[in-house]
Amino acid sequence: MTESIHMVDRSERVAWTVVFAVVLALAVPWFMWRSDTVVAGLPLWLWWHVGWLCLTSVTFYVFTQRAWGIWVGGEAA
Amino acid sequence: MSVALQVGIVVAYLLVALGVGLLAYRLSERTAEDYYLASRSIGTVVLLFTTFATLLSAFTFFAGPNIAAAFGPEWILVMGLMDGVIFGLLWYVLGYKQWRLGQKHGYVTLGEMLGDRFGARWLRGGVAFVSLFWLFPYVMLQQDGAGTALNVLTDGAVPFWAGAGLITVFMILYVVLAGMRGVAWTDTLQGAFMLVVVWTALVWVLHSVGGVGAATDAMGTYDGEFLTLGGGFYAVPTFLSNAVGIAFGVTMFPQVNQRFFVGKSEAVLKRSFVLWPVLVLLLFVPAFLLGAWAGGLGVDVGSVRNVLPALLGDHTPSWFAAVVVAGAMAAMMSSSDSMLLSGSSYFTRDLYRPFTGGETDERREDRLGRIGVAAFALSTYAMSLYNNSISGTWSLFRIGDTAFGGFAQLALPVAVALYWRRTTRAGVATGIFASQAFFLLTVFQPETWLGDVPVVGATLVDAWAPAAGVFASTYFGGWGANVVGMALGLVLTVGVSLATQPAPEEDRSAYALGAD
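Quick mapping for you: the protein sequence lines, in order, are chains A and B.
The numbering of the first sequence is the working numbering, which starts it at 1 and goes up by one.
The numbering of the second sequence is the working numbering, which starts it at 1 and goes up by one.
Some hints here could point you the wrong way.
Claimed, not checked - Where chain B lies over chain A, by a calculated footprint (3+ residues, C-beta under 8 Å): (1) 18 to 25; (2) 31 to 42; (3) 48 to 60.
Claimed, not checked - Now the in silico label distances, taken between C-beta atoms and shown as ranges: (4) ARG367/B - TRP33/A: 55 to 61 Å; (5) THR37/A - ILE371/B: 56 to 62 Å; (6) LEU55/A - VAL16/B: 36 to 42 Å; (7) LEU5/B - VAL18/A: 53 to 59 Å; (8) THR221/B - ARG13/A: 46 to 52 Å; (9) ILE70/A - VAL278/B: 18 to 24 Å; (10) LEU282/B - PHE31/A: 21 to 27 Å; (11) THR221/B - VAL50/A: 22 to 28 Å; (12) LEU513/B - PHE31/A: 38 to 44 Å.
In short, the hints are calculated from the structure, not lab data.
Heads up, the beta-carbon is just placed ideally off N, CA and C, and yes, glycines get one too.
Build out the structure end to end from the sequences listed, making use of the hints.
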């Protein structure tokens, strides 16, 4: 383990579980179900999905920097 | 002109792949770990693209756009959720754990990993058998697709057997030579090529039709439902059954699961994890949007064989449509080669070697693996020819079409075993084999067959008649048998583990990873 990896405490583990649950739950904008609004040439719900997957990448990046290794067993370097 | 060009492009790709194979052969050591896993030395770009190209391939060019054309662009969301988000997370939860265990214990296959923890050769062999059962017809589907595509491309000048045979021979040559390193390198070229082609296609078509707004307007006129999220084909259970079932299935496909072991370092895995969702998005959005727009832009969706080539034929020069078709065929091969390599490793390491009892050294196993590739490819080719000769019956393709569901049944018992120390051999074995049995019965019940010829099943169906209601293809208002089977596997793995004691041969600490 390198020094740059800090220990992830229990509350942060819970927080990551919640974050990933949200990432999963809103990849499809269920609250726009049956919406047909078009913005800038594409359905708004499609823009949401595109934005959400970009946000997913950002979330994954923060995860690799802060909490990589949780659940799997030991925060390896 | 166009036909000659298309064939020329296919042949050029084959020669490039062969060249890459030769290059990789020169760099390889003669060991099984190097042949199957490139000595666990794959870097970020190659790992990302080999996983990407192996996973996505010809589906992106043909079947995916066809679905979007028939039912609307929501397919982008199904695939984005499935591959971008769920598979991404599973790559961490299952894949990263497998990678760590591979580093620690040297595992090369899934069966090996389970057999070691649960101290059972029969479990190792059983998992390999189940995997090969689903993989074999899936490889056949690829060969059949390639043979048919070459046949159509050349207006019948190249017969089916010759087209499928040509591609099989080339694959054998370069997979036997190259192993994982060469396959991963060709996949990388392939994945980059797919991205460039699909974005070029998007820009070209939009330029021709007057921009994205015009294309979407035409789509709304063609079918107003296409602008509306959900509805019709896209019911919530359909969304989730596809996304969940296929994402879990993908993780247990041998050629994908084995890629979990090949990363060079933690840093490589982290970077791949971060870039994955965006990479998926970059390919799916343009490919499936083109499909969804096709109807509005004048493609007769109901009558063309594949929507994307038809759309490109209308809006781009013939040589470009040819590049896309040839690229899609090459993509088909880039998935098949990985399947051959993994299929061979499952067969030689988990079935042949443990059950024939011979001690093999590294060099011999390396040789055995290469022979296995050739044998596997020739067997699937022979079965493809046979299958083609009896076309009209439901045949083995039914198994290939449901392979994702079959593999998905493995995922949850494996996940439980990886994370729950209390899992017992009886538990994991029951979870795996009972869910397989359940899913198989749903696959072979008559109303789910393609076409209308219930050949072999007729007598079996009578025998099952009392149980027919239990083995349906969908449940509870549209949930697929794949996810119902997964739930069954989960419940059985946990329940039977709780009810049984670990066998003496089990090594319950095998999957423990300390913070060391």
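**OP:** May I ask which of the numbered hints given earlier this structure violates, with the numbers listed in increasing order?
**Re:** Of the numbered hints, all hold.
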